[in-house]
Amino acid sequence: MVIELEGISVRLGPQCVLDRVNLSFTGGSMGLLGPNGAGKSTLLKTLLGFIAPDAGVGRVLGLDIRTEQMQIRSKIGYMPENDCHIPGMNAVSFVAYAGELAGMPPKDAMQRAHEILFYVGLGEARYRNVETYSTGMKQRINLAQALVHDPELILLDEPTNGLDPKGRIEMLELVRDITTSKNVHVLLSSHLLPDVEWICRDATVIHRGKLLASGTIAELKKGSGAAFECRIKGNSEVFTDQLKALGCACTFRDDGIIRVQMVDGLGSRSLLRAAHECRVQIRHLVPLKQSLEDVFLQVIGESDANL
Amino acid sequence: MPIYDLGYRHWSGRRTSHPYRWWAITRRGVGMLAKNKRFLVLMILSGIPFLARSVMIYASTLTEKNIPMLRIDARFFEDFLSQQMQFFGLFVAVFAGAGLISNDLRANALQIYLSKPITRRDYLIGKLGILVFFLALPTLVPGLLLFLVAVLFKSNLEFLQEFYWVPGSIVAYSLVIMFSFALIMLAFSSLSRSSRFAGVNFIAIFFFSKILYGILSSILRSSRVAWISLGNNLTQVGDLLFGHDPRYLSPGWASILALALLGCGSVWIIHRRIRAVEVVS
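As given, the protein sequences belong to chains A and B, one line each in that order. The letter at position 254 of the first sequence is residue 254 when you use our numbering, and the numbering goes up by one with no holes. The letter at position 141 of the second sequence is residue 448 when you use our numbering, and the numbering goes up by one with no holes.
Hints are not guaranteed to be accurate.
Claimed, not checked - Far from chain A by the CB rule (all over 10 angstroms, computed), these chain B residues: (1) 425; (2) 448; (3) 459; (4) 547.
Claimed, not checked - Short, incomplete list of chain B residues facing chain A, as computed with Cβ under 7 angstroms: (5) 317; (6) 320; (7) 322; (8) 339; (9) 342; (10) 415; (11) 418; (12) 419; (13) 422; (14) 424; (15) 584.
Because the hints were derived from the structure by calculation, they are not lab data. Ideal placement from N, C-alpha and C gives every residue a C-beta, glycine not left out.
Just chain A, same shape as in the assembly (with noise of 0.2 angstroms):
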């Protein structure tokens, strides 16, 4: 198990960012979905040993979150959010600099920042300043940093911020050849659905600091029902209501097509039997493929239905 979290709860003066976070992962890549201050950022921070859990118990790497966070430390590497770095340093003195603080000897950190530089496509840059990198150039930089010790897992924070959509794929890329490749296992936080569907395997999708969904990103989808696209002749109001009277969710579209989202259990017979009973006549009916933004979305509007 890479991560194991029972009922981890954090609060941050009277807000309780975390609450009681129940977390397996079992290795691979995951993403960590969530609205911003949803509290992603502050869970991988409790990982890191950053913030101290009010309650619960939590394991990284078999290690105790709170006891052990040098050893926990060492296996993993971070990427944060927002642009860091160490003033006065170019790129290889930077990285190299980085795995001498994880406790690599001189000689082989400025080594592994070379080859770490050319992983992530610096490697022409390396003798820059890091402060002249653009904002693509200080992602993969930091990517970098996070890599040079070789880590056995990696916590990313949004790596694909401020990105534009070339420097985004690249990215992109570059993180899933590490999880398929590599063989690190890969922690993603961000609130770009495409980017989770494009990388990981595993999705957790958190809201006001509860976990809403966990699992792999194909069960996530199968479960949370088939969709349909439809177009009626007849009253729509009544059709709808009629469905929304069964939970399931419907959204009118400009072009006059209705979007229903089934639940459990319910198919395509059922929206029959619904337009039957309303009488209205269904003139286009089209089974949706499901997107993690479908089950996102659903996920989120059943937590806030239900405050």
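Following the hints, put chain B in place on chain A, whose structure we already have.
Structure of chain B alone, referenced to chain A:
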């Protein structure tokens, strides 16, 4: 195989043991400052008093007359440290120390430091090590070298027999100057994201406390309030360590206490300011 696959290999080397991680911070910090040309000029300038005092020692061997200025005794070494090298120490502390923590705060570097197996204490010791190293160059090192020069020029055992304890006093007094300046400078550096602000404040506190002492002592017509000034406290402790009568009327323990409180307060401030997460309540 794409070419970038060659860029990542697993590393199976042996890590250094944790108690020495601060050394990486000190080593890198010293290396970076040593490349700064303006700082090197300052360090070279700080050697001028040493050369002048060496000439004075040599001159004292040429004359039989008892010229007060050329008297080579414990006071000679104390004055060298308290009057001349303390001044250079102040500027070395500002130049080397003002940005040590403030620049890291400005660049959000603490998250990088503390995400590695580095504790806040390691970080503080590492940064302190940089300042202590550079403060030793204008205080401890020339102080001991000057004593060696005196021993070599005097070339008799009488001098050594009379002042054998002076190297110990030089070491102790240098350490007091080094750690006082280093801790206070780091505290100021940790209070701001601007190294300029930190440096100006440190110098201001040093000179302001001297001016305040001047005003109060002239009002009270007494030097009993000498403990109010950082520089006076250092001088007072120097007198104690070199076995001289204190030059101010304030008790010696008051200066020791004032320096100890400043040191402890600085450590407390630094420890509170070095955090990977800024919590806004």
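Results for each hint:
At roughly 6 angstroms from the closest C-beta of chain A, the C-beta of residue 425 of chain B falls inside 10 angstroms, breaking its exclusion from the interface. Chain A leaves residue 448 of chain B outside its interface by the beta-carbon criterion, the shortest separation being 25 angstroms against a cut-off of 10 angstroms. Interface exclusion of residue 459 of chain B from chain A stands, the closest Cβ pair being 38 angstroms apart, more than 10 angstroms. With a least CB separation of 40 angstroms from chain A, residue 547 of chain B remains clear of the 10 angstroms interface cut-off, as annotated.
Interface hint at residue 317 of chain B: satisfied, since its Cβ lies 5 angstroms from the closest Cβ of chain A, which is below the 7 angstroms cut-off. Checking residue 320 of chain B against chain A: minimum C-beta separation of about 5 angstroms stays under 7 angstroms; hint holds. For the restraint placing residue 322 of chain B at the interface with chain A, the shortest Cβ-Cβ distance is roughly 3 angstroms, inside the 7 angstroms limit, so the hint holds. Because the closest C-beta pair between residue 339 of chain B and chain A is about 6 angstroms apart, less than 7 angstroms, the hint holds.
For the restraint placing residue 342 of chain B at the interface with chain A, the shortest Cβ-Cβ distance is roughly 9 angstroms, beyond the 7 angstroms limit, so the hint is violated. Here the hint on residue 415 of chain B is kept, as its CB sits about 4 angstroms from the closest CB of chain A, short of 7 angstroms. With its C-beta approaching chain A no nearer than about 5 angstroms, residue 418 of chain B sits inside the 7 angstroms limit, and its interface hint holds. A cut of 7 angstroms between beta carbons decides the hint on residue 419 of chain B: the least distance to chain A is about 5 angstroms, and the hint holds.
For residue 422 of chain B, the suggested interface contact is upheld, since its CB lies about 4 angstroms from the closest CB of chain A, less than 7 angstroms. Checking residue 424 of chain B against chain A by beta carbon gives a least distance of about 4 angstroms; that is within 7 angstroms, so the hint holds. Because the closest C-beta pair between residue 584 of chain B and chain A is about 5 angstroms apart, less than 7 angstroms, the hint holds.
Consistency note: the structure conflicts with the earlier hints numbered 1 and 9.
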